[in-house]
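Kindly produce the complete structure, drawing on both the sequences and the hints.
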Amino acid sequence: MTDSSKPKKPQLIQPRTLKGFRDYLPETMIPREQLIQTAREVYRSFGFGPIDTPTLEYLEILTGKGSDETDRQLYKFQDHGGRDVGMRFDLTVPLARFVAQHINELGTPFKRYHIAPVWRGENTQRGRYREFMQCDFDTIGTLSVAADIETGLVINALLSAIGFERFKIHLNNRQVLNGLLQKQNLEDQATPVLRSLDKLAKIGEDKVVEEMIATAGTTEEQARSVLAMAALQGSNDEILAQLKPIVAGNELGEEGVARLEAILNGLQSGGVPEERIKLDVSIARGLDYYTGAIFETFLDDLPGIGSVCSGGRYDNLAELYTKRQLPGIGASLGLDRLLAAMEELGMLANVKTPADVLVTYFDKSALGKYLEIAATLREAGLKVEVYPEAKKLGQQLKYADARGFGYAVIAGEDELGRDALQVKDLGTGESTEYPIASAAEALSAIIKKADQS
RNA sequence: GUGGCUGUAGCUCAGUUGGUUAGAGCGCUGGAUUGUGGUUCCAGAGGCCGGGGGUUCGAAUCCCCUUAGCCACCCCA
624 MTDSSKPKKP
634 QLIQPRTLKG
644 FRDYLPETMI
654 PREQLIQTAR
664 EVYRSFGFGP
674 IDTPTLEYLE
684 ILTGKGSDET
694 DRQLYKFQDH
704 GGRDVGMRFD
714 LTVPLARFVA
724 QHINELGTPF
734 KRYHIAPVWR
744 GENTQRGRYR
754 EFMQCDFDTI
764 GTLSVAADIE
774 TGLVINALLS
784 AIGFERFKIH
794 LNNRQVLNGL
804 LQKQNLEDQA
814 TPVLRSLDKL
824 AKIGEDKVVE
834 EMIATAGTTE
844 EQARSVLAMA
854 ALQGSNDEIL
864 AQLKPIVAGN
874 ELGEEGVARL
884 EAILNGLQSG
894 GVPEERIKLD
904 VSIARGLDYY
914 TGAIFETFLD
924 DLPGIGSVCS
934 GGRYDNLAEL
944 YTKRQLPGIG
954 ASLGLDRLLA
964 AMEELGMLAN
974 VKTPADVLVT
984 YFDKSALGKY
994 LEIAATLREA
1004 GLKVEVYPEA
1014 KKLGQQLKYA
1024 DARGFGYAVI
1034 AGEDELGRDA
1044 LQVKDLGTGE
1054 STEYPIASAA
1064 EALSAIIKKA
1074 DQS
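Residue numbering for the first sequence follows this note's numbering, starting at 624 and increasing by one per position.
Treat the hints with caution; some may be incorrect.
Unchecked claim - Dumping the calculated EDC-like pairs for lysine to aspartate or glutamate here, alpha-carbon to alpha-carbon at most 16 Å:
1) LYS1072 - ASP979
2) LYS699 - GLU683
3) LYS992 - ASP1042
Note that these hints are calculated values from the structure, not bench results. Model, not experiment: these values are computed from the prediction.
Structure follows, in structure tokens:
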């Protein structure tokens, strides 16, 4: 064989996605959109309003605080006008800029939710991508404990609406931690101390002590006293009772404990079952900017997946952009984690179509009739697909089955001849014949009933 | 960013001490006497063995580089 006899293959471009970026097929997108829709409805039911901000911000907005870590993870470049820009890496920094810019139009308290993708150029790991969705809700401009309570209520409502019953919202207050640190004269080393403390569950007590001594320069005694508090066990009331003497004499700590008590009472009044709330003095969250209440939420059936909804209170959201003091509190739903959990717990139906009903294209000469039937069904609120080819009925049903349709409408010459159609329940295999005129009503009643159960 | 493991069909994986035309299951497409899916049977399509370089008469197999994924660390505003 000579080279010249070979037909030249056209040079194909390998279809691929960037590292850390994903395509979503309908079967993953359907539960994803559903989850987002649920979150949206819950946020709205508490009066949070939707906002959006640009993907790109001036680099200086994003790097404001400017740690090396930020720099490493940030996607940044120069736009065509030579401006230094970056892609948002979370929704909190854009929110800070947003409220600083618009607070006079918005007024306080300002409650918003923001569901949007963010980008971080960090190394990928399971469940960690370079492009991912955040679902934040925050209340800006009030210090009231009512806002702290509401954050817990929203978390409870969110998880309930998604379909979870067994979960625990872990609650803590940075004021308590900071109060203790003040008593121990460790307030200047708060960040490294808390960062170490946050690893307690992961690396164990002795390692944490070691790390505190090494990175925060504490004495062993100081480290042990911090840990002793974090190790408090018992019911929420018992922990509160134990905390009181520990922070006694320190204003910040006392206030923190009082606030925790108020939050617990408020959550109870708001209807959160007691077993879903757990006072957990050990959670600190590695984040510097939290100053008050802290929330983390774990699924009882899948604790290993980590917190699926976390947040807390911060003193001054927008200090980099405005002189106005804007305290706030909020939390963020871990969309990807939740979906992974739901998948693992078998909570997701394996469906590749959003439609309820497939109208089969059976009698080749009756396309108009099928389109008419489909239109009527849609008018009754159903999601309906008409099969586009007059293939064998068996193949069309196979298609309907593979995609996860619940029902198929079958109408050949016989049925159409008597102005009827057959509705086949693809779950049970049973068929029922209805007059065309009343089929829409009957089907939508059936589907509504099936959705509820 | 550091270290370890892995890349063979759309997916999950076989593939002998290096040896002819690289296989299976699932999935996909079509068929099994003209109106009924999920089970079964038959057939078909689909692979530069992740990419590049090297060793060799000969490489999916051995070596180097690169890229992607997984795991751990770091970090997580």
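**Prompt:** What hint numbers does the structure not satisfy?
**Reply:** When the structure is compared with the hints, none of them turns out to be violated.
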